[in-house]
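*Asks:* Start from chain A and add chain B according to the hints.
Residue numbers (our numbering), protein chains in the order written: chain A, 6 to 300; chain B, 10 to 236.
I should point out that these hints are in silico values taken from the structure, not numbers from a laboratory. We put the beta carbon where it would ideally sit given N, CA and C, even for glycine.
To give an idea of the interface, some chain B residues facing chain A are shown, with a C-beta separation under 7 Å as derived from the structure:
| hint | residue |
| --- | --- |
| 1 | Pro-84 |
| 2 | Arg-87 |
| 3 | Arg-88 |
| 4 | Lys-98 |
| 5 | Leu-100 |
| 6 | Phe-111 |
| 7 | Pro-112 |
| 8 | Val-115 |
Chain by chain, the residues run as shown.
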Amino acid sequence: MHALLHTLRRAVDALRRAPFVTVVAVGTLFVAVLLTGAFAAALGAGERLLAAWAGEVPVSVYLVRGADLEVARSAAEKLAPGAAVEAVTPRDAMRRLRASLGEQGRVLDGLGDDVLPASVEVHVRGLSLSRARALAARLREVPGAAEVDDGAAWLSRLENLLRQGRVVGLALLALVAVATAILVSNTLRLAVYARREEIEIMKLVGATDGYVSAPILLEGALQGLAGAALAVGVLAASTWALVPRLHEALPIAARITRADLLPGSLLVALLLGGTALGLVASALSLRRFLRRSGG
Amino acid sequence: MIQLFHVQKQYGAEAPALVDVSLAVHKGEFVFLTGPSGAGKSTLLRLVFCAEPPTDGQILVFGRNVARVRPSSVPFIRRSIGVVFQDFKLLEHRTLAENVAFPLEVRGVRPREVERRVNLALRGVGLEHRAGRFPLSLSGGEQQRAAVARALVGDPALLLADEPTGNLDTERTAEVMQLLESANARGTTVVVATHDRALLARHKKRVISLEGGRLVSDGEQVRRTSS
Numbered sequence: 006m007h008a009l010l011h012t013l014r015r016a017v018d019a020l021r022r023a024p025f026v027t028v029v030a031v032g033t034l035f036v037a038v039l040l041t042g043a044f045a046a047a048l049g050a051g052e053r054l055l056a057a058w059a060g061e062v063p064v065s066v067y068l069v070r071g072a073d074l075e076v077a078r079s080a081a082e083k084l085a086p087g088a089a090v091e092a093v094t095p096r097d098a099m100r101r102l103r104a105s106l107g108e109q110g111r112v113l114d115g116l117g118d119d120v121l122p123a124s125v126e127v128h129v130r131g132l133s134l135s136r137a138r139a140l141a142a143r144l145r146e147v148p149g150a151a152e153v154d155d156g157a158a159w160l161s162r163l164e165n166l167l168r169q170g171r172v173v174g175l176a177l178l179a180l181v182a183v184a185t186a187i188l189v190s191n192t193l194r195l196a197v198y199a200r201r202e203e204i205e206i207m208k209l210v211g212a213t214d215g216y217v218s219a220p221i222l223l224e225g226a227l228q229g230l231a232g233a234a235l236a237v238g239v240l241a242a243s244t245w246a247l248v249p250r251l252h253e254a255l256p257i258a259a260r261i262t263r264a265d266l267l268p269g270s271l272l273v274a275l276l277l278g279g280t281a282l283g284l285v286a287s288a289l290s291l292r293r294f295l296r297r298s299g300g
Numbered sequence: 010m011i012q013l014f015h016v017q018k019q020y021g022a023e024a025p026a027l028v029d030v031s032l033a034v035h036k037g038e039f040v041f042l043t044g045p046s047g048a049g050k051s052t053l054l055r056l057v058f059c060a061e062p063p064t065d066g067q068i069l070v071f072g073r074n075v076a077r078v079r080p081s082s083v084p085f086i087r088r089s090i091g092v093v094f095q096d097f098k099l100l101e102h103r104t105l106a107e108n109v110a111f112p113l114e115v116r117g118v119r120p121r122e123v124e125r126r127v128n129l130a131l132r133g134v135g136l137e138h139r140a141g142r143f144p145l146s147l148s149g150g151e152q153q154r155a156a157v158a159r160a161l162v163g164d165p166a167l168l169l170a171d172e173p174t175g176n177l178d179t180e181r182t183a184e185v186m187q188l189l190e191s192a193n194a195r196g197t198t199v200v201v202a203t204h205d206r207a208l209l210a211r212h213k214k215r216v217i218s219l220e221g222g223r224l225v226s227d228g229e230q231v232r233r234t235s236s
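The following block holds chain A by itself, in its conformation from the complex:
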């Protein structure tokens, strides 16, 4: 207990004695954690946005001519509980087609209003490809169903895009983490270098490597924790301010909450990661220094 308190006192004392080095180290760790956190939050937000778009794609059940649309709709509601089910008459389908073609909708002028089949559209928010396929399989049981379109082509492309985005994002995240670790290690090496005289004298009067290292490692961890806490504060404040604006600018993002962007697990990971980064960077700098200064 005495040794622990003594180490803590030495670490806090050293932070107090070198305020400039402390500020630079905390600042570097703050930038490192902020960059990593912002990147992780942006990646998460991108994924959620794409998932929201995916949820907009309905599963459509096309009916055979003469099938009872109302019976089909109520059957679909039973097969997809909780989903929004919409009955689309042949007339509605033609109107939508005309609207989607815009100016070129005139090519449909010669056709009657009942050439397109009646259908039932099932909307499930945030539907994944596998769930869409399972739902489509169930909807084949709808009375009068001729064909079920699960939107797989669109969802499949979207899921591929998400997967690629995740890989690229993780690679970039790893790159940012390595770059910041090098930056932090170099900054903390300055902090260790600033104490070279003290370390030399400690070793000359019989200090073990453990005695020399303990407060410096603790300093690194405390600086990491301080930098990470600042970064988490800035990220939380930015999220608080940005999310309402995001909702205004992108209606599709209306379901993205502050907790989606900055979940508690990410905050904890950033705090622990910042502390670990400070600790590891200190250990690396110290190891090089102790190796150079010898016995």
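*Replies:* Here is chain B on its own, set in the frame of chain A:
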């Protein structure tokens, strides 16, 4: 206490710093190590307190071969050795008391005991009234006495002093020598490296002379090396 057997130290392609040095210093002795600049006095002291290993030969300190000792054992050997450096090696941003406390703190001595022994050590060198001052606000003589206090605070079995009076006038030199002799009278073995011949003349002790890294004389007995 200290035994050197055919010790050699070479730095790169330079002329050797020590050549085939063999000697013994016994428990309780007071020995002067002398010779001109570059004779190898400081190198010999550095080898004894394990700052670096010899290129060849064996060095026994307290019966342990420090030429072959594991790095993890070095701190524990050093805790039995007090060292006074020519440039004092006091930390300028620490008070005198904090500087003197260092050897006790690294051993894990409790704060109350550290305070008691630091006060005793500072009183012993006549600096108790300067405990809260920083080294740069003290004279050279006071700084050297503080360095002696730091070397003695842990009651070392062996005290090594590298030119401890190099920057001091006659009066301050006498004060520092008195401190070293008092430590010796209390049982500490003392080795003082100096090139000050007047000091050797004033204090009738065993004198070991080095020249060009070779041992040229030891007390009354002169031992010329063969090569």
